[in-house]
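S.K.: The primary structure of each chain is shown beneath.
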Amino acid sequence: MAGFSVMDTLFQRTLEDLIKGLRLQLIGESAFLSKALDEIRREAKSTDPDTKANALHKLTYLSSLHFYDMSFAAFHVVELLSSTRFSHKKIAYHAASHSFDESTPVLVLITNQLRKDLSSTNELEVSLALECLSRIATVDLARDLTPEIFTLLSSSKVFVRKKAIGVLLRVFDKYPDAVRVCFKRLVENLESSDSQVVSVAVGVFCELALREPRSYLPLAPEFYKILVDSKNNWVLIKVLKIFAKLAPLEPRLANKVVEPICEHIRRTGAKSLLFECIRTVVSSLSDYEHAVKLAVVKIREMLVDDDPNLKYLGLQALSIVAPNHLWAVLENKEVVIKSLSDVDPNIKLESLRLVMAMVSESNVAEICRVLVNYALKSDPEFCNLILGSILSTCCRNVYEIIIDFDWYVSLLGEMSRMPHCQKGEEIEKQLIDIGMRVKDVRPELVRVSRNLLIDPALLGNPFLHRILSAAAWLSGEYVEFSLNPFELMEALLQPRTNLLPPLLKAIYIQSAFKVLIFSLNSYLLQRGSPASFSYSDKLLPDVPGLVSKRDIPECSDLASCDAPVLGKQDEGFNPRVLNQSFGDPSVEYGGEETSTCGQSSASASLKDSFTHESIINLLNRVELAVVPLTGSYDVEIVERARNVLCFIELIKPQMPDCLVQKEEGSDREEAEASKIIKLMHDAFSNDLGPISVSAQERVSVPDGLVLEENLEDLETICGDVQLPSLNSFSLGSSYFEETACVSIPIFQSREERGPSNESTSLLAEHRKQHGLYYLPSEKKDGDYPAANDLQLQANHNDDDDEDLAKITEQLLVPKKKPNHAKPRPVVVKLDGDQAPIAAGPHPKEDLLSGTVRDVLLGSETAPTTRSPTNRKGKEKLNVDSATDSKENLGDGEKREQGNSSSRKSKHRNSTVSHSKGRRHRIPGKKGDEREEHGQKAKQKSSGRHKARQRAEVPLNVVSQTPVIPDFLL
Amino acid sequence: MGIRFILMVNKQGQTRLAQYYEYLTLEERRALEAEIVRKCLARNEQQCSFVEHRNYKIIYRRYASLFFLVGVDNEENELAILEFIHLLVETMDRHFGNVCELDIMFHLEKAHFMLEEMVMNGCIVETSKSNILAPIQLMDKTY
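Top to bottom, those sequences are chains A and B. One point on numbering: in the numbering used here, the residue at position 261 of the first sequence is 255, and numbering is uninterrupted. One point on numbering: in the numbering used here, the residue at position 90 of the second sequence is 616, and numbering is uninterrupted.
None of these hints come from the bench; they were simulated from the model. Just so you know, these numbers come straight off a predicted model, no measurement behind them. A hint or two may mislead.
Partial list, computed: chain B residues near chain A (C-beta under 7 angstroms) [stated by the list, open to error]:
1. Ala544
2. Cys574
3. Asp599
4. Leu605
5. Glu609
6. His612
7. Ile630
8. Leu641
9. Glu642
10. Met646
11. Asn647
12. Thr653
13. Lys655
Positions of the beta carbon are idealized from the N, C-alpha and C atoms, including for glycine.
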């Protein structure tokens, strides 16, 4: 080649020079390397094989360690492969196996070279070719080279034979038909006297069996022999893996292997083998109590070992054991819980999983308490992992394990206040979900919500915004349980709500609206105004949950005794109460007295507080807070603010009349006002329930509604409207909540929205659109202490260790099932709540067994077994059943003997690729398989199957590929 | 397929040897190695040698300045892999005599050959040091 002289070759840099240069370079690594790469590109084109080899050598190095693309050199690699010098071949093969993949175009050019090398007399060359094939074999290569590999499988050189066995895995993967050719020899190698060969063969079977174990059941006797006789731990581990897959399929086999495995557990000094035995026992032999007990003893030893590796694996083994033998976990509770504070996050995670596995109805509260305390001490990441797993465990199967919802709700509240909590979305979801599903817990929900809402500091933490919006929605929706609506209103309207993103802020406004309506309505009831008599009649049927007197004393009190009490109240307001709620414009929310005092006194103060002046104050307060919002840029906010303002304007002019008490003339106007109020109140008092996933399907399509009509016209109107995405249907927006939930009483929901009369869907989309365009403007300011200030943390930390120890101790005391003080409240469940059952439990078959089945059995559906395996295994078993250890599998097969020998004679008659021979063989194999599984039911029917299959065979004959020689026969 | 890849990485995070048993593009390899190295090198002596990453389990062990990282699938026995790493180091030690990072850098090919003798298609196929080294010695002698 021009420009390439002897000098160039002489002074070419070797790989060693390159590496040295790279270490000493002063021009920067990438500059140096790109220079070197230019050089290599030039050298690779050289006609001199030495230069080329050297270039490729360097290139492979750069590609594998510095990620330089070497696809440009693919053809040079092929050129070099055909070199007669071993040192060149070596480099070329290495380069090929490093850089070639299925799509490399020059791959088709190497088939012949590989074939030549596979048949070489130089075993090193054969080995190179096999190594390369194991990495890059494609369907074509595997197909074309199967005969060569088949020959090598019985090579006299162990060095070659074991590599030929090793390469089979890839060949079978790519070209399943190779199974027909090579399987017999593979099995023969399993019985070889050479331990190296056996070890490779076991490795291959282990991989095959992991994918589709059933086919390899017939080989169990061979594996059993290895399990008992082998001294090589590597091989034993592989065999154990195979048995772990086979044992669940065949109980008699499990019975047979459990003793030898226990023997290994007792005897072995190798931790790896011990661990594999343990894993096999706990995962596949968990019915054998004594074996599990032995394994658990060993697991315990691992858990208390100083080696973090053993500890980790011990925890892992425990989590395998947990579903079937929870006692094993409970026995090791203290270690598990102690591991929650391990230095290693991986160990912490494992123990967290285990702790969650222990959770049950009776201990969920204690465990969550312990976990929350650990979460407080942990780093943010692990803290959120803990919170996440608490949340997901507790909500599993519609809060299956929760009995005391009051406790759970307050736990949610507590979790929200954790310093690192980032689980806002999940907590929000659960709060609202529980609110809708569990009626009895609503008072507690409202209390928890109130505590969250009145803390201005929480608004500064963006992670909590979602939770706050849930709290706002809950306290608006279930305001009747609120102990102090005025305080709630203050909380909802506090200036720091500006920190919320607009959509959430809108929820606050809507909730304030609901609180306002409730307060006005309650006030009217107190006054004994004409509308009030209907309060109990009207409201209660609508909301059946409210009838329960036990839970809502204040409500029923109001309803039942409004007339006598309020006569007195009318005389004037109680200044004490007024002071309490409105005494100071910047109300101090530190006091908990309202929430902590008893229900009865609270309800009394509630009644007291609905005085005329307090209501007027309330109206003014709301107006004052909402007016500025009408200037907001967010339509969602503007609209709701307008709703509130319109309502206030409507009501307000009629309110002052009440000041002049008992004037006859005002009665009518007052009645007018109360009518409006009552109407609004009715609208809001309709209970919202959870929605089934399938709810929409159940709504029948009205007559005359053409759903498939082309809606192109709409494009012009709302072309840029984006359809609400799936996740936009969240519980975060109370607006969507309402429209979506009240699916049947459409009129109700329209009233609910007050003045807005637009079409529901268009409006919803319109809002959605703007919701998308208005990004939440979050700005932080430091005027309040951080949301979860350190004091809280410090307090916890002080008593932490003590508490933890105490609680852990309690947890460890085996507990009798506590008799719960109160029965579990009703949790509304819908049929859509059940997790959808995965369609068809069929595991996806891998290509290998699938194709084999197609080829060997025709397209009929059949148990996924590989015939050659079975055939081979069967022959073995027939022999074995006479010998010692095979009784366990024997009886299924003995019956078979006559059958199979007759078939064998049939096979002998049939020539290798003769279609007639096939016709006979196929139904025969079929029968084999079914019986071999030792499943009596199947055996019974096999006769019938045979007949049917025979009828279908002619169809299959066409699809057979008659080219492949079947060496198995 | 058992072992998916084997990496040798020095303390600075530079890859000294990379052997993959499944095909990944160069970009995928680069990303994977960077993530794994970041994850594993940050861990300390008191922590266990197993790291879960994507759908791999990484088993690693440190010898002097070099980290040996093996990515396996979920079925693999972690302790056996640790023994495998040790066997690999011992084998290299026997061949190079007091093996160090530089030996692997300058004799990468030989390190690859040892691995090829030990692992095929992700399966451990040979665990005897003399069997692993025999073909390499033969090559050294003949070529």
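S.K.: The structure should be examined with respect to each hint, and the outcome stated for every one.
M.R.: Results for each hint:
no.	hint	in the structure
1	Ala544	holds, 5 angstroms
2	Cys574	holds, 4 angstroms
3	Asp599	violated, 9 angstroms
4	Leu605	holds, 4 angstroms
5	Glu609	holds, 6 angstroms
6	His612	violated, 11 angstroms
7	Ile630	violated, 11 angstroms
8	Leu641	violated, 10 angstroms
9	Glu642	holds, 5 angstroms
10	Met646	holds, 3 angstroms
11	Asn647	holds, 4 angstroms
12	Thr653	holds, 5 angstroms
13	Lys655	violated, 13 angstroms
Violated hints, listed in ascending order, are 3, 6, 7, 8 and 13; each of the other numbered hints is respected by the structure.
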